[in-house]
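As given, the protein sequences belong to chains A and U, one line each in that order. Here the first sequence stands for residues 1 to 582, where the numbers follow the UniProt record's numbering. Here the second sequence stands for residues 1 to 142, where the numbers follow the UniProt record's numbering.
Straight-line alpha carbon distances no greater than 20 angstroms define the calculated EDC-like cross-link-like pairs of lysine to aspartate or glutamate that follow:
id: 1; chain 1: A; residue 1: K218; chain 2: U; residue 2: D120
id: 2; chain 1: A; residue 1: K465; chain 2: A; residue 2: D560
id: 3; chain 1: A; residue 1: K42; chain 2: A; residue 2: D27
id: 4; chain 1: U; residue 1: K28; chain 2: A; residue 2: D507
id: 5; chain 1: U; residue 1: K85; chain 2: U; residue 2: D104
id: 6; chain 1: U; residue 1: K28; chain 2: A; residue 2: E212
id: 7; chain 1: U; residue 1: K28; chain 2: A; residue 2: D215
id: 8; chain 1: U; residue 1: K2; chain 2: U; residue 2: E128
id: 9; chain 1: A; residue 1: K279; chain 2: A; residue 2: E266
id: 10; chain 1: A; residue 1: K235; chain 2: A; residue 2: D250
id: 11; chain 1: A; residue 1: K218; chain 2: A; residue 2: E499
id: 12; chain 1: U; residue 1: K84; chain 2: U; residue 2: D104
Just so you know, the hints here were simulated from the structure itself, not pulled from any lab data. In this text the structure is predicted, and so the values were computed from the model without any measurement.
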Amino acid sequence: MNRDHFRVLVVDLDTGQSQVEQFDGRDQAIGGSGLAALLFEKYGRKDRPWSHADQPFILAIGPLTGAFPLMSKTVAAFKSPYHDQYTESHAGGRLALALRFAGYDGLVVTGCAPGLSILELGSRHIRIRDAGYLRGMDAYATGKLLRRIHPGGSGHRSILRIGPAGECGLAMACINVDTYRHFGRLGGGTVLGNKNIKGIIIQGDSGFSLPEGSDYQKLFATVYEQVTATNMMQKYHNLGTAANLQVLDDLKALPWRNLQQTSDPETITGVNGETFADKTLLRNGACSGCPVGCIHIGYVREKFHQDNRYFYRQVAYDYEPIFACGTMLGLGNPFEVLGIMDEMEKMGLDAMSGGVALAWATEALEQGLVSVRETGVELRFGDAAGYRQAARMLGTGANDFYTLLGQGTLRAAEAYGGRDFACVLGQEMAGYATGELFFAAQSLGFRHSHLDTGGYSYDQKHAEKDVDRAVQFLLDDEPGRVLLTSMVACLFARSIYTEEMLARCLDVLGYETLAGNLPELGEQIRCHRWRLRFATGFRPEDVTIPKRFYRVQTWKGPVDPAYLDQLRTRYIEALRARVEPD
Amino acid sequence: MKILTAPHMERCIGCHSCSLACARLVHKKLSWESAGIRIRSAGGLSTGFYAVRCLGCADPFCVAACPTGALIRRRGGGVLLREKKCIQCGDCVQACPVEGIVQDRDGRIYVCLQCGQCVDYCPHDCLEMREARSVEPGEVIA
Numbered sequence: 001m002n003r004d005h006f007r008v009l010v011v012d013l014d015t016g017q018s019q020v021e022q023f024d025g026r027d028q029a030i031g032g033s034g035l036a037a038l039l040f041e042k043y044g045r046k047d048r049p050w051s052h053a054d055q056p057f058i059l060a061i062g063p064l065t066g067a068f069p070l071m072s073k074t075v076a077a078f079k080s081p082y083h084d085q086y087t088e089s090h091a092g093g094r095l096a097l098a099l100r101f102a103g104y105d106g107l108v109v110t111g112c113a114p115g116l117s118i119l120e121l122g123s124r125h126i127r128i129r130d131a132g133y134l135r136g137m138d139a140y141a142t143g144k145l146l147r148r149i150h151p152g153g154s155g156h157r158s159i160l161r162i163g164p165a166g167e168c169g170l171a172m173a174c175i176n177v178d179t180y181r182h183f184g185r186l187g188g189g190t191v192l193g194n195k196n197i198k199g200i201i202i203q204g205d206s207g208f209s210l211p212e213g214s215d216y217q218k219l220f221a222t223v224y225e226q227v228t229a230t231n232m233m234q235k236y237h238n239l240g241t242a243a244n245l246q247v248l249d250d251l252k253a254l255p256w257r258n259l260q261q262t263s264d265p266e267t268i269t270g271v272n273g274e275t276f277a278d279k280t281l282l283r284n285g286a287c288s289g290c291p292v293g294c295i296h297i298g299y300v301r302e303k304f305h306q307d308n309r310y311f312y313r314q315v316a317y318d319y320e321p322i323f324a325c326g327t328m329l330g331l332g333n334p335f336e337v338l339g340i341m342d343e344m345e346k347m348g349l350d351a352m353s354g355g356v357a358l359a360w361a362t363e364a365l366e367q368g369l370v371s372v373r374e375t376g377v378e379l380r381f382g383d384a385a386g387y388r389q390a391a392r393m394l395g396t397g398a399n400d401f402y403t404l405l406g407q408g409t410l411r412a413a414e415a416y417g418g419r420d421f422a423c424v425l426g427q428e429m430a431g432y433a434t435g436e437l438f439f440a441a442q443s444l445g446f447r448h449s450h451l452d453t454g455g456y457s458y459d460q461k462h463a464e465k466d467v468d469r470a471v472q473f474l475l476d477d478e479p480g481r482v483l484l485t486s487m488v489a490c491l492f493a494r495s496i497y498t499e500e501m502l503a504r505c506l507d508v509l510g511y512e513t514l515a516g517n518l519p520e521l522g523e524q525i526r527c528h529r530w531r532l533r534f535a536t537g538f539r540p541e542d543v544t545i546p547k548r549f550y551r552v553q554t555w556k557g558p559v560d561p562a563y564l565d566q567l568r569t570r571y572i573e574a575l576r577a578r579v580e581p582d
Numbered sequence: 001m002k003i004l005t006a007p008h009m010e011r012c013i014g015c016h017s018c019s020l021a022c023a024r025l026v027h028k029k030l031s032w033e034s035a036g037i038r039i040r041s042a043g044g045l046s047t048g049f050y051a052v053r054c055l056g057c058a059d060p061f062c063v064a065a066c067p068t069g070a071l072i073r074r075r076g077g078g079v080l081l082r083e084k085k086c087i088q089c090g091d092c093v094q095a096c097p098v099e100g101i102v103q104d105r106d107g108r109i110y111v112c113l114q115c116g117q118c119v120d121y122c123p124h125d126c127l128e129m130r131e132a133r134s135v136e137p138g139e140v141i142a
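Working from the sequences, and respecting the hints, build out all of it.
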């Protein structure tokens, strides 16, 4: 499996032809984020819009994928429909190992299929098949049909699909990966929809020889023991990320009701991690190659006929969707939250973007900026029924209002007003109202993810307002995370995969050069990613922070507007310094 | 002699650690397929998982089907594969009613050796090594 080059499958939907390409650069790009940037450099059209047929959709895995536990993520890279700039989205599930066992480090899809299609590939097959009959189908039903269309390989294949949101061109359309994981942010679903790709099935039907000797086996056992026999991953294994809900509410850092509050001690007990586990948790799931099993699957049960006729559905929950489809909408019942997440899933909407957008719409309706004529339904904080209907309308772009809102909350706010209370930090906010550094970092983050840097964590530990120190923290923190996303490790495993451990893992597989250069490579890939972002139109000065964020209460007290602005100014300078020649 | 059993598959989270461990430790491979135990889902992740493996038959169909005597009965249940005698015809794969044996693209045969190394890599204790014996009246096995 140790190759000194990347093996990448390039599929041209215009011609229906595919090529297996070899790329040099393993020792510089590593894989994942670095490989994606390398591939976008070659196939991307920086000066053309995201919707240009030539723009690539890229998947990339890393040198340790499948060989060590929790190396279970895949990077998707594309020019985003949300802001027309280069970006990444990350997902777990089976995809990473399926791609590994199909024999590829990366997949590049260019062009546009003549009609709605599915792409199937494995180590010995590539097919593009018409799938017009899937048009308009929700993500669940699509998954079921794709499993029937492509029989065999159950358990050893990964199925990506989009829902109506991706077909109708919404910038907040996600890609569903293996039912419970997602390429959520920045519109990957619409990138596939624009290419007329409803689904991708990747079958991991091959294998690789491992190094001779026992060194690899011993190191694997060491890492596996750390993952399973210590408490390092207990948080993710137990309540899962939903554990954060109570913690952040206690800290006055949990957004409620479109960020009008940051704590609601009475209501949080209805939707915190303990309540979700006690009342709704059906079972747990795992990404392939990860024994932690952080996927928490709850259920919604509905009575559809008075004669005690019920159905139920399984819905995976996590901290972020609970925040966006729960506390942000003022909900205190876990089943109601799952019901809204279920609608988002079916539509193929990013649950975070969708929930935050509906929170803004609620306040816009309260203030009379929009009416029920636009929203189609009364939206009131705490009223789940209205939000379920609204999620469906948002996901299908049911009218002009929802079509615009689906392009991003700020786009709707520009048309209807209400920009001040749009909770957008580059993209609809993540659920961490921890303070100034997080707001600055997310607004300027590469993926607009709370995991781009540890700003959310810094806020929780540092009451002092030292701009130099805080910005230096962001700058020092990012390359290590970029290293992990180049491997591509689950970021929950960052306490296990220290730089030293990564070097040992690479070394034992024969990647000695990579192992010896990790700090430098993290910095290089960080800069490469940002250069691509700037080259595709990123102007950090254009990213503004709505006024709502300046009025937030945290455990430290009110947000300090001057400190927030200084952080942003300095961080922008630092980012520019990394992409511009001296 | 013990054989591999999977009495608690309702606990399975689909991490494939067992299968990957078999491939890694027994066959020196990185693979989902080249292993004596393979995890499948029945209709997607919503319906749970099952383990495809050798059930440790006392009177295995695969042994009867093997034309070269490469597969022999293992004392206590299951089979042993003598690779030097195997001509990779795949008759054993066809004969096994539970897909317990697989053949890779190079023709190599993979079947559970009942070694139990996978058991240590199941984080939810779905798998167990147990003494093979006939089912007693009133006994229920998973």
